[in-house]
Amino acid sequence: MSALMIRDLHKSYGGLEILAGINLEARTGEFVALVGPSGCGKSTLLAMIAGLETVTSGEIWIGDRLVNSVQPKDRDIAMVFQSYALYPTMTVRQNITFGMESRGVPKAEQAEAVKRVAALLQIEQLLNRKPGQLSGGQRQRVAMGRALVRDPKLFLFDEPLSNLDAKLRVDMRTEIKKLHHRVGKTTVYVTHDQVEAMTLASRIAVMNQGSVQQFDTPKRIYDRPTNMFVAGFMGSPAMNFIPARFTGSTSISVRAADGGDATLALAAPLPAGAPKDVVLGVRPEHIYRFTTDLKSRKPAVEPMQAPVELVEPTGAETLAVLRLGDLEITGRFEPDDAPVMGETITLGIDMSRACLFDPATKALL
Amino acid sequence: MSTRDLTVPVTAPATPWRQRLGTIVPILVLAPSLAASFVYVFVFTLWTLYLSLSSSSLMPTYGFVGLDNYASLWANRRWNIAYTNLFLFSGFYIVGSMAIGLLLAILIDQRVRGEAVWRTIFLYPLAVSFIVTGTVWSWLYNPVDGIQAFVRGLGWADFSFALTANRNTAIYAVIITGIWQSSGFAMALFLAGLRSVDPDLIKAAQIDGASVSRTYRKVILPTIAPIFLAVAVIQIQFAIKTFDLVAALTRGGPGVSTTFPAIYVYDLMFQRGQIGEGAAAAMMMLAALAVVLVPYSVWIVWRRRAEGRNG
Amino acid sequence: MAEIAANARHDPEAAAATRRYFWARFLVYAVLTLFAVIYLAPLLVVVFNSLREQSDIARNGLISLPRSFRLDAWAQAWGTYCVSGTCEGMKRNFFNSLWMTIPATLISTLLGAMNGYVLSKWRFKGSEILFNLMLLGVFMPGQISLMPWAFLLGKLGLTNSTYGLVLIHVVQGISFTTLFCRNFYVSIPDDLIKAARIDGAGFWRIFRKIILPLSPPILIVTVIWQFTGIWNEYLFGVVFTSGQQQPITAALVALTAGGTTARAYDVMSAAVLIGALPPLLIYLFGGKYFVRGLTQGAIK
Ligand SMILES: Nc1ncnc2c1ncn2[C@@H]1O[C@H](COP(=O)(O)OP(=O)(O)OP(=O)(O)O)[C@@H](O)[C@H]1O
Ligand SMILES: [Mg+2]
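Residue numbers (the numbering used here), protein chains in the order written: chain X, 1 to 365; chain S, 1 to 311; chain Z, 1 to 300.
Hints were generated in silico from the structure; no laboratory data involved. Possibly wrong hints are sitting among the right ones.
Stated by the list, open to error - Computed list of lysine-lysine pairs in PhoX-like fashion (alpha-carbon distance at most 25 angstroms, straight line):
#1 K155(Z) <-> K130(X)
#2 K107(X) <-> K288(Z)
#3 K209(Z) <-> K73(X)
#4 K185(X) <-> K219(X)
#5 K115(X) <-> K209(Z)
Just chain X, with the same shape it has in the complex (with noise of 0.2 angstroms):
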């Protein structure tokens, strides 16, 4: 059964389209990411979902309800706000128990769920403090509590960890999963961070201009995405766009580093009614240095030549800038194999973890 169903929403401000006909699921208990670049319309999807904002037209079902025009507070929902949105002339344990009060819950069981949850999130120690008085983390902690104390039917997550600094936030991303594991709430959670997304999520939406250009599996989005904003979107280095052209049912040419053409060997004949110009799609840690052993453990792999342009060692990898011809591509190298600066090598290409798009509609093909 879904949690939470999203049929064809629309959102509009003034005669701006700012959503342009969502349609999304969460499932009982999952954990879907809402990922897109900035002003794409993930916090106002999210609002609707809380009831923040109004509906234009479509429809938005929590559990088997309609609650398109249900308040916020009557949908069962809890929401982590990106800022946090602690009460700040409230104490933490005031700030938890603030929507348990608006509710007429009894005291005694606000301080069982206060202790609950606090116990549950290790902010014992910092109950009687004031917002004012907490350490970046300590808040989205405590922004955290507030949601969880609820036990909603649905969680909503705004950028919760983009205030935190790098390392603080890897921290707390484990832990929001360790969270929802334990707890096991059905939960939207937007980020920009695609890292975020496909550590989280079960499921990733990535939106882009006020549509959802793909919902699935992080692992099918990584692999198979469906068109070049996705594929451009998710995954650090980008993926590398290589303009080429059919040269048979099962090749493509490319052009090399000197001018002259390349031709690669497809891994899997094209499909019937691709045009001639097509782009290949290559993640970075999908090229490596070609060798025979290489070609006899991974036989889709296909050579080429190309100077290496600059190099930049990360320490658990090295990234090296590849030319060729005009273009640039990045590739992802072991550093003990890393290539040098200068250098000319023979790349090898594995076409059967390649994309194909059509350069018109800038779909998979």
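We have chain X; now place chains S and Z with the ligands onto it with these hints.
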């Protein structure tokens, strides 16, 4: 994707009246103030406009006389003095209080000790009424008991300081007193503006080798330009509405030399029983305000739009 | 390193710079002191005169140190001085002003806070226009409303009464209080309101529990502004009340105008101070917050 059967019973949406109430409460809260403001701003203005076109004298009557009241107003020498005084006063008063206010703000901004004390000293006149200020200064200007007598008493026998005793100089007494009263307010606003300038900007200017005065002229003051305008607009309003200061300081005299429109309106309406002409004079005051405020509001709206586009 | 420091000590340029700095500081304090004297002198003159003997003032002029310390003038100004026939001093007028200013301030502040809350956090279609409309009230010259008020107060039976003045000041004041509060509330993050709505709080609960606890900075500004403004107001006071009903500003003008012969400067000084004291006290205690809040809220 969907397995939902659309015939699943739907829980009724929240009762409509409750929801309606939710959107209506804010409007209900606003309504009384809104109604009052509407009456105050529009009904009262139109009412006075109407009176200014009527033959009202001692009591409001509603015989229509067209622009007669305006004509006789402008034919009156005293009114012309009043209107001239208004411009003279506004000009000196605004420039004077802004110049002194800015000077004091910049001085205080030099990390002086006891900043709060200085600020309090310069700002306290703001808390005092024009009536009190005017009364006290009228004593100080009084040649027999005031500053002139004091300086003469010090041995400077032919020192002369009798602004309010002379038709030609009385207006400057009003101006000086006005500046004394409100330059502290300008100081406070400028100081807040100076403090709001990004400190990095100032550091950058210092690293570029700019002197203190150059930093102010080229970096700091230009960034607080909007504050100049805001201060000027606030001061102009004081200037146009000022009735109390003159009433307490010179009572419009000597003769009619310090008559102001605000004084004149009062006189016509309540001393001489010429309500129609008084209303016309009040409308002229509104016109003077509009001349200042309409361009200012247009500018504000324009700037807000421009910011909206850029940000 | 050590050489550089040593050089700096004997560097004539550095010495000149230090000297320049000293003179610059001196100039700053000199100018500030000059202005401080100009600002304080009138206040001191009045305070001194309220303590001096009238005969001393008549002989030595207004500007002189007090030779006596007596509060007779204060007592007279407060309770027994005669203005146009009645000998009750300023106390009636003082209380008139108080009973006018306190309710008008409280009512207009409360309304302003609620209006500001609606106009910043519960915007609806057209609310911006309504706000700008209310703003126009800020700019209205009082003279425009004199005749309409006269008529209205007559109809309501509020002529020559403090209630009438309260009504006028409330209506006139809402524009200011609404402007101040709205501009302040706009800077409270909307997320707080959203979070509270999800937490099940409604319009009033959000106002009481979230907005009001955050409001003291702006409420201080609004109260000070309204209190000093209303207390110091003269035009409406002199037009709509007379004699024993007058607020203190109007009474002061009547008092200082009377008596063309030997002016009782001692009593008048005390009266002036009585009239100036309440807003001055409010300002002295709240001025710090006033300036801070004014620049947060009013000037945007
Ligand atoms: N009240 C409003 N009126 C008009 N346009 C709005 C309003 N609120 C949001 N928008 C517009 O809607 C679009 C989507 O905004 P939204 O806040 O949902 O983006 P987002 O995906 O959450 O971005 P971010 O990652 O920066 O938070 C933006 O282009 C924004 O300018
Ligand atoms: Mg957002």
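Verification of the hints:
With a C-alpha separation of about 53 angstroms, the suggested pairing of K155(Z) with K130(X) is violated against the 25 angstroms cut-off. For a cut-off of 25 angstroms, the pair hint linking K107(X) to K288(Z) is broken: about 41 angstroms separates their Cα positions. A C-alpha spacing of about 16 angstroms is found between K209(Z) and K73(X), which places the hinted pair at or below 25 angstroms, so the restraint holds. Of the supplied pair hints, the one linking K185(X) and K219(X) holds, its CA atoms being roughly 22 angstroms apart against a limit of 25 angstroms.
As the CA atoms of K115(X) and K209(Z) are separated by approximately 23 angstroms, the hinted pair is consistent with the 25 angstroms bound.
Against the hints set out earlier in the document, violations occur for numbers 1, 2.
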